[in-house]
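Novice: One letter stands for each residue in the lines below.
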Amino acid sequence: GESVGLHLPTLSVQEGDNSIINCAYSNSASDYFIWYKQESGKGPQFIIDIRSNMDKRQGQRVTVLLNKTVKHLSLQIAATQPGDSAVYFCAENQAGTALIFGKGTTLSVSS
Amino acid sequence: DVKVTQSSRYLVKRTGEKVFLECVQDMDHENMFWYRQDPGLGLRLIYFSYDVKMKEKGDIPEGYSVSREKKERFSLILESASTSQTSMYLCASRMLRGGDEQYFGPGTRLTVT
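Chains as they are written, first to last, in the numbering used here: chain L, -4 to 106; chain B, 56 to 168.
In case anyone wonders, no lab produced these hints; they're calculated from the structure.
Be careful, since some hints might not be right.
As the list claims (entries may be wrong) - With a cut-off of at most 30 Å between alpha-carbon atoms, the simulated DSBU-like pairs for lysine-lysine come out as follows:
#: 1; chain 1: B; residue 1: Lys58; chain 2: B; residue 2: Lys73
#: 2; chain 1: B; residue 1: Lys110; chain 2: L; residue 2: Lys98
#: 3; chain 1: B; residue 1: Lys110; chain 2: B; residue 2: Lys68
#: 4; chain 1: L; residue 1: Lys63; chain 2: B; residue 2: Lys112
#: 5; chain 1: B; residue 1: Lys125; chain 2: L; residue 2: Lys51
All values reported here derive from a predicted model rather than from experimental measurement.
With the sequences and hints as input, model every part of the structure.
Specialist: Below, the structure is given as C-alpha cells:
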C-alpha cells in the first residue's frame, strides 16, 4: 500500500493497492469525526465516522483511525478500485456545532 | 433514504442581482447548513440553522443572509451578487445537534458575471 503525509492534495495508487489518506484536525475538543467522499458533480457522501472515545472503526473495505494525542485522523481503503477515485474530506465536530471540513485529498486510481 | 434537494444545479446571474438558493430536506431534520466549495479551499461554512427561525453565522457569512421559515426549507440569499461569489454551494441537513452525519444535496454551481 501507499501512504502519504499530511495534507497532500492528491494521491495516486494502482488498482488493488491499499490507500491511506491522512488528515490533521485543529480542535482538541472535537468529539466526532467523519470522512466523506465526493465524486465529480455530486455532493459529499458519508463513508465512515468515529467518536472520540474510540481509536479505530472499520467498515466495508474502509478503516478510520483516530489519534487524539497528535490530533490525527486517517482513512484506509483496502484493495482500492477505480470507483474509489474521488475527493475525500475529513471533518470534525464539537457537540453543538457544525462540521468543519479539511481541504480534501483527490484520490486517483489507475488500472 | 434522506433526500436533500437544491433548487438549481446551475445558475448564472449578473453582478448586483439578488440571488436565492433554496434547499429542501424531507427527513424532518432540525439542523441545516450552507457551505461553499472552492478549489483548494475545501468546504467553508456560510450559515447554519439549528431550528426554524434560528440562524448562526459560520466562517464566511459576509455578503450572505439566510431564511428558515419552515423546518424543511433553508434559503441562502445573496443580496447583491458579486463575481467573488462564483462558487459551488452545498446545502446539508442533520437530525441532531452535533455528533451526527450531515446529508448533502447535489450542489448548485453559481456563476456571477
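Novice: Evaluate each hint against the coordinates.
Specialist: Hints, one by one, checked against the model:
Distance check on the hinted pair: Lys58/B and Lys73/B sit about 27 Å apart at the alpha-carbon level, within 30 Å; holds. Among the hinted pairs, Lys110/B with Lys98/L is consistent with the structure: their alpha-carbon atoms are about 25 Å apart, no more than 30 Å. Among the hinted pairs, Lys110/B with Lys68/B is consistent with the structure: their alpha-carbon atoms are about 25 Å apart, no more than 30 Å. The straight-line distance between the Cα atoms of Lys63/L and Lys112/B is roughly 28 Å, inside the 30 Å bound, and the hint therefore holds.
Note on Lys125/B and Lys51/L: the hinted pairing is violated, with a Cα-Cα distance of about 39 Å set against a maximum of 30 Å.
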